[in-house]
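J.: Chains as they are written, first to last, in UniProt numbering: chain A, 1 to 418; chain B, 1 to 418.
Hints in this document: simulated from the structure, not taken from any laboratory.
Quick caveat, the model's predicted, so the values are computed rather than measured.
Among the hints, erroneous ones may be present.
Because identical chains cannot be distinguished in the list, a pair is counted as satisfied if it fits within a single copy or across any two copies.
[Stated by the list, open to error] With a straight-line Cα cutoff of 25 Å, these simulated DSS-like cross-link-like pairs (lysine-lysine) come out:
| # | residue 1 | residue 2 |
| --- | --- | --- |
| 1 | Lys86 | Lys98 |
| 2 | Lys119 | Lys234 |
| 3 | Lys234 | Lys406 |
| 4 | Lys288 | Lys122 |
| 5 | Lys411 | Lys98 |
| 6 | Lys406 | Lys326 |
| 7 | Lys288 | Lys83 |
| 8 | Lys224 | Lys411 |
| 9 | Lys98 | Lys360 |
| 10 | Lys361 | Lys86 |
| 11 | Lys361 | Lys234 |
| 12 | Lys406 | Lys237 |
| 13 | Lys98 | Lys85 |
| 14 | Lys86 | Lys326 |
| 15 | Lys360 | Lys83 |
Chain by chain, the residues run as shown.
2 protein chains.
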Amino acid sequence: MAELVGNVLVGQSGGPTAVINASVAGIVAEALNHECIEEIYGALNGVLGILQEDLIDLAAESQQQIRALRHTPGAALGTCRYKLKKQSDYERVLEVFKAHNIRYFFYIGGNDSQDTADKISKLAQQQGYELRVIGVPKTIDNDLPITDHTPGYGSVVKYTATTIRELACDHEAMGQGDLVSIVEVMGRSAGWIAAGAALAKRRDHPHDPPHLIYLPEIPFDQAKCLEDVRRVLKREKFCMVVVGEGLIDADGNYVAADAATDSFGHAQLGGAGDFLKELVETNIPGVKARLAKPGIIQRAAAHAGSKTDADEAFLAGQAAVQAAIKGETDKMVTLVRGDTDHYTCETGLAPLAEIANGVKKLPREWINEDGTSMNFQFLRYAQPLIQGEVAVPFESGVPVFARLDKVRVDKTLPAFVA
Amino acid sequence: MAELVGNVLVGQSGGPTAVINASVAGIVAEALNHECIEEIYGALNGVLGILQEDLIDLAAESQQQIRALRHTPGAALGTCRYKLKKQSDYERVLEVFKAHNIRYFFYIGGNDSQDTADKISKLAQQQGYELRVIGVPKTIDNDLPITDHTPGYGSVVKYTATTIRELACDHEAMGQGDLVSIVEVMGRSAGWIAAGAALAKRRDHPHDPPHLIYLPEIPFDQAKCLEDVRRVLKREKFCMVVVGEGLIDADGNYVAADAATDSFGHAQLGGAGDFLKELVETNIPGVKARLAKPGIIQRAAAHAGSKTDADEAFLAGQAAVQAAIKGETDKMVTLVRGDTDHYTCETGLAPLAEIANGVKKLPREWINEDGTSMNFQFLRYAQPLIQGEVAVPFESGVPVFARLDKVRVDKTLPAFVA
């Protein structure tokens, strides 16, 4: 493989996570090791920044700031949900790449983003422009195929399990067989996050909270739910319910859908928790229902992040650069679990085309017969992903996060016209 | 002062906090130092447990568990919102005290609880039963009079400020001048918690998030709110709004009230955040509003607790015992701030009657002219209360909290009939 000399461009896309910046840190740290890489640029706001030639010089950032990315939530480069629509958009991307001699493109994102990366790569090949494109997985939803899990998932689940344990202490003190606590968690099309709440249970304590988990994978049945809650309240001081936002009924409709959809055509959800609260309060006399809806807090909670997750996000960034240097392109880094009892994780590669627009569902066989709890197969899968705590530095009582200088790269092209 | 030999009873009351158990730990640790104290009992579920003679032997708990109370949220003894109503209830309390030779009663709670403690104390005096009653302050609401602040407040505010900083990282990546993020925080009658969100701002960065804080102290004006939000969105990528649940309109009505009231006659709130979300989305075209409603998560978030707060809660428990041993009764421990620039905190005492049912409002002069931000006087007051991080031990990726054995004290009285 001939050495490809040129510049790196990194972009972040889709919803932020607690660890997406750790992947940027991994890319920058690794890129600095390779002489064939001349400049390390970041695209502001994903593909939007590429179209608009809004690039920053990541090598100009201080090492402290790059290191601080390893515990900083959000997406330090900015992100977008913009979908490249027209052929001319893709051509503009390539124009920008050529103008800045971008030869290595690393795109950190979920399904849609890997699709975008794939299309950019294909167009470069058609045009005979030598470009190596490697995707880096990212999504709290854990729904990318092939990779064992996705960076971002471990942290959101650690936050959720931590929160459930804390809420349980509160409810244990307050409940008198009449308290239903509902926690609505994210997860549009799969129940990975809701399932992860099961990690709050102690080993061999199946009656620990959360008592009921309602997943998008299991069509929601109101009568059964009310029966479930009544059964728990007979046994426990309180009933803790975790519900995924994407809960659907037997007809496949969201139990609480909003009319709005996002720019990818996904329904914007919200309200499954409110729906359950109403259901329980209306139908079980004397019950007090309490709803917690952490919303975006859960994916931003770096202070409660998983060290395993943050380290793997960094590793995925490093591996992307290493693969590209070796001549790989049109692939996404995957996380590959070792098959020993002791958890180990290495990286692999998978074709972007196989990742793009794929969805990994929570296996039905990891959900118990009752449809409201997870079995040992799930716990064995998820437990290693939340191990270790990210050390976030505090100053004056609040966490301190990276703030990039974002030194702009000079524009050389005419302005982008959408 | 003649030495009073007898037993201790500790109770917890009202809504739990992240540090109410630290006060129990302080009481137990201090009580063990005094020979005149023979047994150390805990009342399960506050006055309810006293009425029902449900007492546990706190001296039988392991030292590890008592120490673990210093980082355990909830209320380890259980709590209640039960209000003693009839004279016969108070007489029953005293009967239980006599049956178990309770000579020292420590009640950890807010306004209503201190009122209860006061009435128990008065009845004991009337009956010539020697009893020393010392209240220990507790409430996330920070609304008790006389004491500089209340244990529980620092932790809820540290959690809130931490969360705002993290959300800001996420929104900074996503916002394009069209994102309004609403965080609804607790605070029934005063805006102390909402105000505390201002601690997320860096010093001398008044434009840092949260951009707008709506407090129950300032009558809510819809037109002004919409103007506020529009102004921020012109300047920033996103507008972060913190709203207290007890928001009221110019007529003094809750902007989003529920019909229900709790057993003390307080309105059960909720919905101020939903109200704002609706208001903004309906009136500002193209704006996306996101609501986070951490609910009880915020007061249970021990993993994000303030060390200063937890230490002061422990100190207040110790001070209660020391005061009672010295012969004090019918008082509540207060936190007294030193008048030097460097923050110091000692304990004092104030008559229960002056605490009971009093409410400390957020001073109007600590709120800026605009009514939506806090000035340096508030920041100088609140900043010291969130310093330091509580070290919560993690096992298998989740925090581990105290679990008391709760060895029951034998009952000697006929069952309580309400």
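J.: Cα distance capped at 25 Å. Does Lys288 pair with Lys83 within a copy, between copies, both, or neither?
T.: Between. Shortest inter-copy distance 18 Å satisfies the 25 Å Cα cut-off; intra-copy 44 Å does not.
J.: My question is about Lys98 and Lys360: at a cut-off of 25 Å on alpha-carbon distance, are they close within one copy, between copies, both, or neither?
T.: neither (35 Å within a copy, 65 Å between copies)
J.: Give the relationship of Lys86 and Lys326 under a CA distance limit of 25 Å: within one copy only, between copies only, both, or neither.
T.: The answer is neither: 32 Å in one copy and 82 Å across copies each exceed 25 Å.
J.: Measure nothing new, just compare the shortest in-copy and cross-copy C-alpha distances for Lys361 and Lys86 to 25 Å and report within, between, both or neither.
T.: neither (30 Å within a copy, 58 Å between copies)
J.: Is it within a copy, between copies, both, or neither that the alpha carbon of Lys406 lies no farther than 25 Å from that of Lys326?
T.: Answer is neither; intra-copy 29 Å and inter-copy 63 Å both fail.
J.: Checking Lys406 and Lys237: alpha-carbon separation at most 25 Å within a copy, between copies, both or neither?
T.: For Lys406 and Lys237, the Cα distance is within 25 Å only across copies (16 Å; inside one copy 53 Å).
J.: Tell me, please, which holds for Lys98 and Lys85 at an alpha-carbon limit of 25 Å: within, between, both or neither?
T.: Classified as within: same-chain Cα gap 20 Å, cross-chain 80 Å, threshold 25 Å.
J.: Given a CA cutoff of 25 Å, do Lys119 and Lys234 count as a within-copy pair, a between-copy pair, both, or neither?
T.: neither (56 Å within a copy, 35 Å between copies)
J.: Between the shortest in-copy and the shortest cross-copy C-alpha distance, which are at most 25 Å for Lys411 and Lys98: within, between, both, or neither?
T.: Cα proximity of Lys411 and Lys98: one copy only (12 Å, versus 84 Å across).
J.: What label fits Lys361 with Lys234 when the C-alpha limit is 25 Å: within, between, both, or neither?
T.: Neither: 33 Å inside a chain and 41 Å across chains, both beyond 25 Å.
J.: Should Lys86 paired with Lys98 be assigned to within, between, both, or neither, using CA atoms and 25 Å as the limit?
T.: For Lys86 and Lys98, only the intra-copy Cα distance (19 Å) is at most 25 Å; the inter-copy one is 84 Å.
J.: Reference check for the pair Lys288 and Lys122, CA-CA at most 25 Å: within, between, both, or neither?
T.: For Lys288 and Lys122, neither the intra-copy (56 Å) nor the inter-copy (34 Å) Cα distance is at most 25 Å.
Hints 2, 4, 6, 8, 9, 10, 11, 14 from the earlier list are contradicted by this structure; the remaining hints agree with it.
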